[in-house]
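So the protein sequences, as listed, match chains A and B. The numbering of the first sequence is the working numbering, which starts it at 1 and goes up by one. The numbering of the second sequence is the working numbering, which starts it at 1 and goes up by one.
Think of the hints as simulated: they come from the structure by calculation, not from any bench. It is possible that some hints are incorrect.
Claimed, not checked - Here are the in silico distance ranges between beta carbons for each label pair:
# : chain 1 : residue 1 : chain 2 : residue 2 : range
1 : B       : Tyr23     : A       : Asp46     : 45 to 55 Å
2 : A       : Lys60     : B       : Glu56     : 12 to 22 Å
3 : B       : Leu7      : A       : Lys60     : 50 to 60 Å
4 : B       : Arg98     : A       : Leu115    : 39 to 49 Å
5 : B       : Tyr8      : A       : Leu39     : 47 to 57 Å
6 : B       : Ser101    : A       : Leu115    : 44 to 54 Å
To be verified - Output of the computed footprint for chain B on chain A, the stretches with three or more beta carbons under 8 Å from beta carbons of chain B:
# : segment
7 : 6-12
8 : 17-30
9 : 89-101
Note that this is a predicted model, so its numbers are computed, not measured. Cβ atoms here follow ideal geometry from the backbone N, Cα and C, with glycine treated the same way.
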Amino acid sequence: MTHRKSPEPLLWLLFSAGGMAAALLIPVLLFLFAIAFPLGWFPAPDHTYLLSVLRHPVTKIVLFGLCVLSLFHWAHRFRYTLYDGLRLKQLSAVIILGCYGGAVVGSVATGYVLLRV
Amino acid sequence: MTTAPRLYRKPISTFWWLRRRSYFVFVLRELSSVFVAWFVVYLLFLVTAVSSGTAEYERFLNWSAGPWVLALNAITLVFVLLHAVTWFNLAPRAIVVRVRSWRVPPVLILALHYLLWGLLSAIVLWVVLR
């Protein structure tokens with residue numbers, strides 16, 4: 001019996017985990033930091049407080065997990081959007097490189113930004 | 001001499017998803033991933049600004065209140081909510097939980113997802129707004 005090693009199950013797992021993390025956490029964060037604070041519905045948190053929240057290890061772990069999983073969720077779903085939506089399956093190699101490569105680069109950037117806080 | 005029969009494949013237009021409402025909603029749902037990715041970029045801008053000091057954080061707050069950024073983020077919120085609702089509504093079909101021989105009813109799985117969503121949102125609101 002031969003086992004063909006395929007990364008597809010792992011990519012699906014990352015897609016699902018990212019979809020769940022994104023659905024649970026992005027709406028509230030986006031509402032606060034992209035709509036409510038800019039429009040002045042609530043006063044934006046002061047810098048000292050926000051910095052102390054961001055320096056907390058739990059915040060860093062949660063944000064790192066959220067960003068990395070969301071990026072792989074994007075990579076996988078966008079790959080199929082290009083395949084099916086725009087009928088671009090013949091460009092498969094370029095699309096795979098662009099999507100998952102983008103997610104890897106984004107994850108490294110996330111790690112760098114969060115470690116620097 | 002025989003040649004292998006070639007199946008006729010009806011060519012599908014690039015814009016097949018404009019034909020039906022359900023196809024269009026499907027493509028909108030798929031496109032939500034682009035806005036999920038934009039949120040990650042936006043969050044990284046915010047974190048970078050906060051870690052660069054008070055002045056940079058103020059600059060970020062001003063930038064985020066600009067009309068173009070606000071418009072983009074309003075669209076992003078609509079797509080992210082579309083993603084969240086379609087994701088949770090699919091969950092009971094993707095997750096089948098059995099306790100001994102009893103199948104946990106799909107409605108309960110759905111309700112637990114919304115409950116968790118509400119709980120986590122409340123925690124984030126509480127942490128950010130104190």
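Item to complete: Go through the numbered hints given earlier and state which of them the structure violates, listing their numbers in rising order.
Response: 7 and 9
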